[in-house]
Structures are given as structure tokens and as C-alpha cells.
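A.B. asks: Here are the chains, one letter per residue:
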Amino acid sequence: MNAFQYDALQIKEQARLIRRNIIRLNADSPAGGHTGADLSETDILATLYFRILNAGPERTEDPERDIYIQSKGHGVGGLYCCLAQAGYIPEQWLGTYQHFNSHLPGHPVRQKTPGIELNTGALGHGLPVAVGLALAAKMSGSPKRIYVLTGDGELAEGSNWEAAMAAAKYGLDNLFVIVDKNKLQLAGLTAEIMPLDPLDVKWAAFGFSVSECDGNDVAQLIDSLERMQTRHGAPQVLIAHTIKGKGVSFIEARPEWHHRVPKGDEINAALEELSHGE
Amino acid sequence: MASEHLASVMVEAFMAAVDAGLDVVPVVSDSTSTAKIGPFMQRFPERVINVGIAEQSLVSVAAGLALGGKIAATCNAAPFLISRANEQIKVDVCYNQANVKMFGLNAGTSYGPLASTHHSLDDISVMRGFGNVQIFAPADAIECRQIVDYALRYQGPVYIRLDGKALPDVHGAQYRFVPGQVDVLRQGADLSIVALGSVVHEAVDAAARLAEQGIEAQVINLSSIRPLQRDVLLNVLSGTRGVISVEEHNINGGVGSLVAEVLAEAGLGVPLIRLGIGDGEYAAAGAREPTRALHCIDAAGIVAAATRLR
Numbered sequence: 001m002n003a004f005q006y007d008a009l010q011i012k013e014q015a016r017l018i019r020r021n022i023i024r025l026n027a028d029s030p031a032g033g034h035t036g037a038d039l040s041e042t043d044i045l046a047t048l049y050f051r052i053l054n055a056g057p058e059r060t061e062d063p064e065r066d067i068y069i070q071s072k073g074h075g076v077g078g079l080y081c082c083l084a085q086a087g088y089i090p091e092q093w094l095g096t097y098q099h100f101n102s103h104l105p106g107h108p109v110r111q112k113t114p115g116i117e118l119n120t121g122a123l124g125h126g127l128p129v130a131v132g133l134a135l136a137a138k139m140s141g142s143p144k145r146i147y148v149l150t151g152d153g154e155l156a157e158g159s160n161w162e163a164a165m166a167a168a169k170y171g172l173d174n175l176f177v178i179v180d181k182n183k184l185q186l187a188g189l190t191a192e193i194m195p196l197d198p199l200d201v202k203w204a205a206f207g208f209s210v211s212e213c214d215g216n217d218v219a220q221l222i223d224s225l226e227r228m229q230t231r232h233g234a235p236q237v238l239i240a241h242t243i244k245g246k247g248v249s250f251i252e253a254r255p256e257w258h259h260r261v262p263k264g265d266e267i268n269a270a271l272e273e274l275s276h277g278e
Numbered sequence: 001m002a003s004e005h006l007a008s009v010m011v012e013a014f015m016a017a018v019d020a021g022l023d024v025v026p027v028v029s030d031s032t033s034t035a036k037i038g039p040f041m042q043r044f045p046e047r048v049i050n051v052g053i054a055e056q057s058l059v060s061v062a063a064g065l066a067l068g069g070k071i072a073a074t075c076n077a078a079p080f081l082i083s084r085a086n087e088q089i090k091v092d093v094c095y096n097q098a099n100v101k102m103f104g105l106n107a108g109t110s111y112g113p114l115a116s117t118h119h120s121l122d123d124i125s126v127m128r129g130f131g132n133v134q135i136f137a138p139a140d141a142i143e144c145r146q147i148v149d150y151a152l153r154y155q156g157p158v159y160i161r162l163d164g165k166a167l168p169d170v171h172g173a174q175y176r177f178v179p180g181q182v183d184v185l186r187q188g189a190d191l192s193i194v195a196l197g198s199v200v201h202e203a204v205d206a207a208a209r210l211a212e213q214g215i216e217a218q219v220i221n222l223s224s225i226r227p228l229q230r231d232v233l234l235n236v237l238s239g240t241r242g243v244i245s246v247e248e249h250n251i252n253g254g255v256g257s258l259v260a261e262v263l264a265e266a267g268l269g270v271p272l273i274r275l276g277i278g279d280g281e282y283a284a285a286g287a288r289e290p291t292r293a294l295h296c297i298d299a300a301g302i303v304a305a306a307t308r309l310r
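Those sequence lines, one after another, are chains X and V. Using the UniProt record's numbering, the letters of the first sequence correspond one by one to residues 1 to 278. Using the UniProt record's numbering, the letters of the second sequence correspond one by one to residues 1 to 310.
Just so you know, not all the hints are guaranteed correct.
[As the list claims (entries may be wrong)] Sample of chain X residues facing chain V (criterion: CB under 8 Å; computed from the structure):
| id | residue |
| --- | --- |
| 1 | Thr96 |
| 2 | Gln98 |
| 3 | Ala122 |
| 4 | Val129 |
| 5 | Ala136 |
| 6 | Ser140 |
| 7 | Val210 |
[Said to hold, decoys possible] Within a straight-line C-alpha distance of at most 30 Å, the following computed DSBU-like cross-link-like pairs (lysine-lysine) qualify:
| id | chain 1 | residue 1 | chain 2 | residue 2 |
| --- | --- | --- | --- | --- |
| 8 | X | Lys144 | V | Lys90 |
| 9 | V | Lys90 | X | Lys138 |
| 10 | X | Lys169 | V | Lys165 |
It is worth saying that the hints were derived from the structure and are not from the lab. Note that CB positions come from ideal geometry on N, CA and C, so glycine has one too.
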């Protein structure tokens with residue numbers, strides 16, 4: 001059971017507070033940050049941590065907990081802010097993102113941060129390891145589910161597709177892949193750098209049960225993720241269509257914000273845009 | 001005692017471990033015949049995961065299995081494990097401290113005439129570059145069984161380099177493998193021969209030939225690359241007037257390099273000759289005997305090196 005079980009309205013409010021912390025966390029970073037990626041994934045993370053995952057801050061060692069893996073490791077700033085919001089880590093730690101030897105390095109390190117399940121950063125590793133975790137759960141008769149968030153640019157890594165074949169072969173219906181399809185990567189548009197579409201057809205051809213939704217719409221995320229849990233016999237993928245930088249007008253859909261942090265007047269301007277709920 | 005293929009020894013150890021209650025899950029990449037794992041599959045068909053010809057998936061899935069509580073054991077040809085899945089070994093297994101046992105099968109030039117894509121001459125140097133993986137290479141079936149038994153019970157990443165041929169025994173039944181040990185197989189006051197894996201047998205042979213010439217060589221089986229009691233190795237090597245290292249591996253980064261580090265860091269001015277596949281070279285494609293002769297890593301090559309040390 002999830003520790004919060006929030007409804008869509010409550011999750012949206014958590015996502016707004018997480019986004020405010022994402023702005024501050026990146027502004028306080030001495031080494032830049034991935035502000036755009038942090039903001040595109042926020043609604044997905046909030047929906048998982050405040051409703052979907054059978055997990056909670058008091059159960060980080062429970063062997064039956066659901067596992068969340070951040071394959072797009074560079075979006076860890078967003079995950080840290082979500083973990084702080086959900087009580088896994090102290091909120092004061094957010095001011096130490098990428099500071100020397102702090103609890104919050106620039107990519108996830110499970111030995112450093114409570115709630116981090118897998119060290120990632122090099123791309124194309126989360127899904128293959130998640131397949132192993134899902135297999136272990138199946139072999140042990142454990143009901144736990146494995147969730148993994150990938151970027152879209154990251155899907156150019158061939159290791160993902162090796163793992164996808166294995167997931168289908170072993171019928172891993174306890175494996176849930178969420179693609180944060182924000183359409184941008186380091187150097188520009190994913191559609192220009194390495195076209196992915198038709199992505200739904202690709203996953204289906206690899207044996208996945210495919211769902212799609214607006215990945216910045218909490219109600220749609222809840223609906224899709226809960227519907228996926230009722231399907232059996234095949235691994236699941238949710239293609240979540242998102243906007244990179246979602247929530248701050250001057251960051252949204254701009255490639256330069258892949259690795260850039262708010263500075264000077266931008267900080268308050270961003271916080272102002274995120275100052276009111278709906 | 002009849003020699004036994006090391007992969008078969010590995011598989012017997014797996015079966016005994018499962019019988020003893022260990023949750024061992026072998027993972028293969030279409031490498032069921034390479035791993036000689038048929039007997040295990042017959043007894044425990046649900047326990048073997050086969051990811052197809054996909055070494056990245058092999059290692060990552062093993063890491064996931066381990067993080068999910070299993071004792072995962074990858075079993076495939078060493079060259080494809082080390083090179084194709086390098087980042088998966090580094091990140092998913094080592095960096096995550098996953099309880100994966102990686103078996104590098106048919107290592108060195110075991111695949112002989114199949115040529116360089118199938119030779120594994122860099123595995124020790126690559127693994128030594130990753131901080132937290134234990135590294136072993138048994139010289140015979142007796143030692144192999146004890147190393148596998150130890151590895152399956154140790155919590156953390158392990159790499160075990162296995163030769164692809166049945167090796168005669170150099171140890172007696174009373175032998176007890178201890179991680180980190182310096183295994184002196186033969187005493188000798190004149191010079192030292194340090195070897196690991198299948199070329200230990202060449203070293204033993206060379207020492208016998210040297211004894212006929214009145215040269216007493218001690219033979220050291222360095223089956224435990226990490227951990228290693230460096231002070232013990234230093235102590236053993238400091239007593240002789242020269243050291244020859246021999247390995248079916250590139251001379252860069254393997255046992256020869258390790259011995260050089262130990263000697264140099266102690267400021268010990270003992271001459272060292274490193275035998276192996278030379279700097280900048282690939283191994284010849286061919287049967288083991290002429291290949292070893294060409295690269296001077298057979299008994300004759302060791303004897304010739306000993307002459308140069310005089």
C-alpha cells in the first residue's frame with residue numbers, strides 16, 4: 001500500500017511544491033543541473049510516490065516494497081525534490097545538490113541517498129537491471145512491482161532493446177516502464193538526432209503492452225498507471241508525453257535548458273510562476 | 001586423478017550450492033554449451049535465465065537478480081563478457097555492489113584458432129581497474145571448486161577466470177584455497193616463477209627442467225589476484241635473485257604488472273621478466289602448444305627467460 005494514497009488534486013499540489021524546490025535546488029547547485037529534465041518528469045514522480053508505489057519513507061528496507069528506478073539518472077534533481085517532499089530525505093539536503101561529497105550527487109547513488117534504488121547516470125542501464133529485479137520477484141513469488149523511468153533520447157541505447165526482448169520472453173507483467181517523452185535531448189530534438197517514432201509500434205513489436213497519456217496530467221497518469229496494473233502476461237510500457245521544463249514558461253521546450261540552471265532574476269520569476277495551485 | 005573441465009566443476013558447485021539452500025541463479029547468453037550447464041538445467045530448469053546473444057542484458061539482468069536477492073552467476077565466454085558488457089560490469093555490478101559472480105569461460109587463448117575476437121587477453125587488467133570486484137583464476141579442478149564455493153558465499157562482485165581445457169591437478173586433495181593467499185607450489189632458492197591459471201602447469205614443468213640444470217626455481221600460483229596479501233608475495237619474492245611472471249594474457253595490466261608494482265613499491269631491485277602476449281600484440285590464431293611456443297609462455301620459454309636472468 002502506498003504511504004499517502006493521495007487523489008489527483010493533492011498530487012498536483014505536491015508536484016507544484018516539488019517544482020518550486022527543483023528551481024531552488026538547481027539555483028543552489030555549484031555545478032549546473034538538468035532543470036528541464038527535472039521539470040518534465042515531476043508529475044510522473046509525484047503520481048508514483050504519492051499514490052502508485054507500494055512503498056513509503058518508513059519502508060526503504062522492506063523486501064516487498066515496489067522498486068522505482070530512475071534510468072534517466074541526470075533527472076535526479078527532480079527525484080531528490082520528490083523524495084524530500086515524501087519524507088525520504090530531509091528538505092535541508094536539497095541545498096547541497098552537487099556540493100562536494102554531499103548526500104545528493106549529480107546522478108543517483110544508492111549508497112549516498114535513502115530511497116535511491118540503483119546507481120545510474122550512464123544511459124540504457126535502468127531497464128535491463130529492472131528486468132533482473134522483476135525476474136527475481138517472479139522467481140521468489142513476490143508481489144512487488146518494478147517501475148523504471150527512461151528518457152526518450154536514452155532509447156537510442158541498444159541495451160534497452162536487448163532487455164525489452166528478455167522482459168517479453170519471461171512475461172514480466174510486474175515490470176512497468178514509463179518513457180518520459182519530452183522530445184528533447186542534450187543537443188536538440190530527439191526527432192532530428194535519432195528518430196524514435198513510431199515508438200508505440202516499436203514497444204508493441206517487442207512484446208510490450210503499450211499505453212500512452214499526457215505525462216504532465218496527473219489524472220491521466222493515475223488512470224493509465226492503475227489500468228496497467230490490471231493487465232497480465234506481458235511487460236507494460238507507458239509512453240508519457242511531456243514538455244521538457246514543464247511549469248515555467250521560459251524553460252519549457254527549450255533545448256538550452258537541458259543542462260542549465262536558473263540564475264539571478266530567473267529564480268524569482270520561475271518561483272512566481274509556481275506560486276499558486278489551481 | 002583424472003582432470004576435469006573447469007566449467008563442469010563450476011556447474012557441480014552450483015548444484016551443490018542449490019542443494020545446500022543457496023539461491024543461485026545462473027544467467028547465460030545462449031552460452032549453455034560453453035558453460036556445460038546441461039546437468040544443472042536438467043535438475044533446476046526454472047533456475048537458468050537465458051537472455052539470448054545479448055551480453056549487456058546478461059550482466060544487467062544478473063545485477064537486477066542480485067539486487068532482488070538472488071546469487072546471480074553469469075556464465076559465458078570471457079572475451080564477450082569483458083568487452084561487450086564492460087559498462088554493465090562497471091556500473092550495474094561493481095558500482096552498485098551487486099552480488100554477481102561473473103565467470104569468464106574459455107579465457108586467455110582457449111579458443112585458439114578461432115582467433116582474436118575469441119581470445120581474452122585483457123580481462124585481468126580490465127577487472128583490476130574496477131575497485132571492488134574480487135578476481136580469481138584457478139589452476140586446477142580442486143582449486144576451482146573451492147574458489148566457486150567461496151565466491152557463491154561471499155557477498156559482492158566476483159570475477160573468476162576459467163581456462164577452457166581440462167587441466168591436470170597441481171594440488172593434492174588436502175589443498176585449502178584461502179582468498180588473498182600466495183600459493184607456493186614448489187620451493188626454490190634461485191629464482192621465482194609467478195603464474196596463474198592454465199600456465200601454472202608450464203611453470204611447474206619449467207621448474208622441473210631448470211632443476212635438471214641445477215637451478216632451483218620456486219613456483220607461485222597467484223590464483224587470488226584480488227584480494228592479495230602483497231606483503232606475503234613481497235616476502236616470498238625477495239628471497240630469490242630474479243622473478244619471471246607468466247600469463248596467457250597481455251603483459252600490460254595482468255599478473256606481470258601486479259608483480260612489478262609489488263616489487264617497485266617496496267624498492268626491491270629484483271630483476272623481473274614478464275612473459276605474456278607482448279605489448280601491442282595479439283595472440284596467434286592456432287592450437288595452444290605452438291601459440292604458447294610463439295609467445296614464449298610455454299615451459300621452454302620460461303626456461304629461456306631463466307637463462308637470461310643468470
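A.B. asks: Taking the least C-beta to C-beta distance, is X:Val129 closer than 8 Å to chain V?
C.D. replies: 4 Å, holds
A.B. asks: Regarding the hint that X:Ala136 lies at the interface with chain V, is the smallest CB-CB distance below 8 Å?
C.D. replies: Status holds, d = 3 Å.
A.B. asks: For a C-alpha distance cap of 30 Å, please report whether X:Lys169 and V:Lys165 respect it.
C.D. replies: At roughly 33 Å apart (the allowed maximum being 30 Å), V:Lys165 and X:Lys169 break the hint.
A.B. asks: Measuring from the C-beta of X:Ala122 to each C-beta in chain V, is the shortest one below 8 Å?
C.D. replies: OK, holds: X:Ala122 within 8 Å of chain V, min 5 Å.
A.B. asks: Let me know if the C-beta of X:Gln98 comes in closer than 8 Å to any C-beta of chain V, holds or violated.
C.D. replies: Constraint on X:Gln98 not satisfied, violated at 18 Å.
A.B. asks: Hint X:Ser140 vs chain V: min CB-CB distance below 8 Å?
C.D. replies: 7 Å, holds
A.B. asks: Quickly compare the C-alpha distance for V:Lys90 and X:Lys138 to 30 Å and report which way the hint goes.
C.D. replies: 26 Å, holds
A.B. asks: Between X:Lys144 and V:Lys90, is the straight-line Cα distance small enough, at 30 Å or below?
C.D. replies: Within the cut-off at roughly 27 Å; holds.
A.B. asks: Per the CB criterion, is X:Thr96 less than 8 Å away from chain V?
C.D. replies: 21 Å, violated
A.B. asks: Mind checking the CB of X:Val210 against every CB in chain V and telling me if the closest is under 8 Å?
C.D. replies: 21 Å, violated
Consistency note: the structure conflicts with the earlier hints numbered 1, 2, 7, 10.
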